[in-house]
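Chains as they are written, first to last, in the working numbering: chain S, 833 to 1375; chain E, 98 to 252; chain P, 259 to 357.
These aren't lab readings, by the way, just hints derived from the structure by calculation. On a predicted model such as this, the values are computed, not experimentally measured, just so you know. Even glycine gets a Cβ: it sits at the ideal position worked out from N, Cα and C. Careful: at least some of the hints might be erroneous.
Claimed, not checked - Straight-line C-alpha distance at most 30 Å; calculated BS3-like pairs for lysine-lysine: (1) P:Lys-350 <-> P:Lys-329; (2) P:Lys-329 <-> S:Lys-1303; (3) P:Lys-350 <-> S:Lys-1080; (4) S:Lys-1325 <-> E:Lys-213; (5) S:Lys-999 <-> P:Lys-329; (6) S:Lys-1304 <-> P:Lys-329; (7) P:Lys-350 <-> S:Lys-1303; (8) S:Lys-869 <-> E:Lys-248; (9) S:Lys-942 <-> E:Lys-248; (10) S:Lys-997 <-> P:Lys-260; (11) E:Lys-213 <-> S:Lys-862; (12) P:Lys-260 <-> S:Lys-869; (13) P:Lys-329 <-> S:Lys-1078; (14) P:Lys-260 <-> S:Lys-909; (15) S:Lys-909 <-> P:Lys-329; (16) S:Lys-1078 <-> E:Lys-213.
Claimed, not checked - Not close to chain P: a few residues of chain S, all C-beta gaps over 10 Å, as computed: (17) Arg-898; (18) Val-1029; (19) Ala-1104; (20) His-1153; (21) Asp-1180; (22) Gly-1305.
For reference, the chains in residue letters:
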Amino acid sequence: MYQYDSYDQAMVEARVEEFRDQARRRLDGKLTEDQFKPLRLMNGLYLQLHAYMLRVAIPYGTLNARQMEALADIADKYDRGYGHFTTRQNIQYNWIKLEDAADILADLSKVEMHAIQTSGNCIRNISSDHFAGAAADEVIDPRPYAELLRQWSSFHPEFTYLPRKFKFAVIAAETDRAAMRLHDIGIRIVRNDAGEVGAEVYAGGGMGRTPMIAPLIRDFVPVDQLITYAEACLRVYNRYGRRDNKYKARIKILVHELGAAEYTRQVEEEFAHLLSVGVEPPREELARIAAQFGDPAFVDGPKTIDRSDPDFALWARRNTHRHKHDAYVSAVISLKPVGGIPGDATADQMRIAARLAKLYSFDELRVMHTQNLVLPHVRIADLPAVWAALDAAGMGAPNMDTIEDIIACPGLDYCSLANARSIPLAQRISERFAATGRTAELGELKLKISGCINACGHHHAGHIGILGVDKKGTENYQLSLGGSEAEDVSLAKITGPGFDEDGVIAAVETVTGVYLAARTEGERFLDTYRRIGMEPFKEALYG
Amino acid sequence: MADNLGTSPDEVQFRFRDDEPVDHGTVTVDACCDQTNAAAVRIEPGDDARVLLPFLGRLALIEVNFPGFGDGRGYSSARILREAGYTGELRAVGDVLIDQLSHMRRCGFDSFAPDKRLDEDDAARAFATWENVYQRAADTRMFGRATIADKRHEG
Amino acid sequence: MKILTGNDLGSGAVTWWNGTGWSLFVDDAVDVGEDADEILARETAARRVNVAYTIDASIDAGGHVRPAHIKDRVRALGPTVRRDLAVPTADKTGWDWVI
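Chain S extracted, bound-state conformation (with noise of 0.2 Å):
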């Protein structure tokens, strides 16, 4: 994985010092809270119900033990003894101190860490495949590109005041396991009939309060001409996007008014141009971090799983991923016990997920997007010592990608935002259908909770997806069925009425019932609700 150099270092350390000097001027009352707010936004700290809010920024969701260990310190010494790993692959810490927060960076500074543009309308997170580096069926490593965006984002002079935040996300396999498509520019790393590498590039997906699809605007950059293309892009968007209405002012609105043959016809003007002016790194500079993400020195070993023990069985069906070297698979490391806070991980659970990466993965750990972790390169022979470890810390629930794998946003436990709490509904679900033991029947199906419009919990991809709304300052919650985040991306489509807490719940069982009842041979709940379309569902929903 990418190291910083000394330049690298002094740049955090930098941003560390910058931000000590804006939080003492916020305490002295040279800033205001409206002066301050934008700039501690750009350091990742919101302030939320209970207290600060840290976002901490995991690039690509790509970390090693030392950097898990030091999250894990964090959440000792400055919070509540746990963090939250998100849906943008990065980590947030909720009862965090202002007074505190330029120490907390500069002990993550030390670690190659920070809170870099996890908040604020600018260019945020790069994220990218949390199988990276290890699955079979990519073309190449994704992440040495987002690694080149995520140095020309930081503190891009041009890009700091957006009209709203920018999210970019980064694979390199024809399947989508980063929910590319639903990116303010989602990148797709292919080779041309020539073998060479570029960028199919979309602009224009996201969620929130009006979902879409990102259109395909280029479909291939050359990589010596990525980063100009990405200014043209974040160029025409700082230009024209919308400033008058918060919810008009995602590049998705801009695309969607101007239409992608106008979007793109600027940008590719706004390209030309950019070329012109010469502003790509170096050409060594991409060989220079690519060289950093070179295989581990995989040794081999027995190709096949004992499935003789059935839990272990279950587990590695469940929570392994098929590697490029057939001695290996990826392991996923649950935070989703059932009935416990998804994506939440204590101190300890943390150091043991580090030590499990230094002993078995190569040094190396991944945030999902799904709100798990990864160990992306376990040998098949070490799997059953993995799994033993995992169980033993209440991170080894065999239930990736079933209705017990729920994506919740933190909602109105945590969120200043939210209308409605999305964890207790989280918690309710995961243990109706582990009591009933429905989920094993259920197979894959992604459950996707937000406790807002804001759509931080994903909702709109999911397969079952619920939105938390304010009915006369009560908690409501809509239902929404068929959408996914998957290279067969599609947006989910309401139900009808919403539900209270109980109904909603009540509600998912009739629609997967009305599934188990309706499908044939290998489908997915996805699939089922694709051919016998959202009728049947209202039917036993509202009769």
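With chain S's structure known, arrange chains E and P on it following the hints.
What follows is chains E and P alone, placed relative to chain S:
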């Protein structure tokens, strides 16, 4: 000639030029296109800076207004003008605060007339925040400043 | 009644106007009547509170201050899913009325 709607030299708190500050009346972008003798113009966030490209030769001062510091369109306007070869004074005016100074400088601003005068020490620190830079901008182009990637691969 | 709530600037802790200062406990909140704007302006300028605002509240049968809006009740007590991290409060009935 339109009324002077620009800032005067004594409102300029920071200036990184050796020449004398322009003290002409500043006109709007629309007026600039009509008047063949306008030498100073003010760009608003919604103006297209490229409209000024035919007139860059006679412009000695371009002000870019930031009515609210959160509206970042002026940064693009600045870079666009420098990319087009404008070498005159490029002045950031309006809601210009300490924490925007270094980015504004990188985008090509060489003069700053904030609505409220800024603390000199805070400003000096702000301009000096970044010893190195990741990405190309007006400063790398105009002053040959090397980016971090340039330095990594020089020679 | 109208009460004032905000966050402590330095610590981020949720606070409630008790008539003379900012308390961590919702039960200390007092009715500010017509004086809300004046108090908010003064206290914000002095940085004794951050992002403070006025809310409706009532006194319940047990004599406890109950904010009208669900969001402020969660702020008063703590995350409903982590009662171990609740704001220390004398009101053991708090969890009954938070939602």
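Non-conforming hints, listed in increasing numerical order: 3, 4, 8, 10, 14, 22
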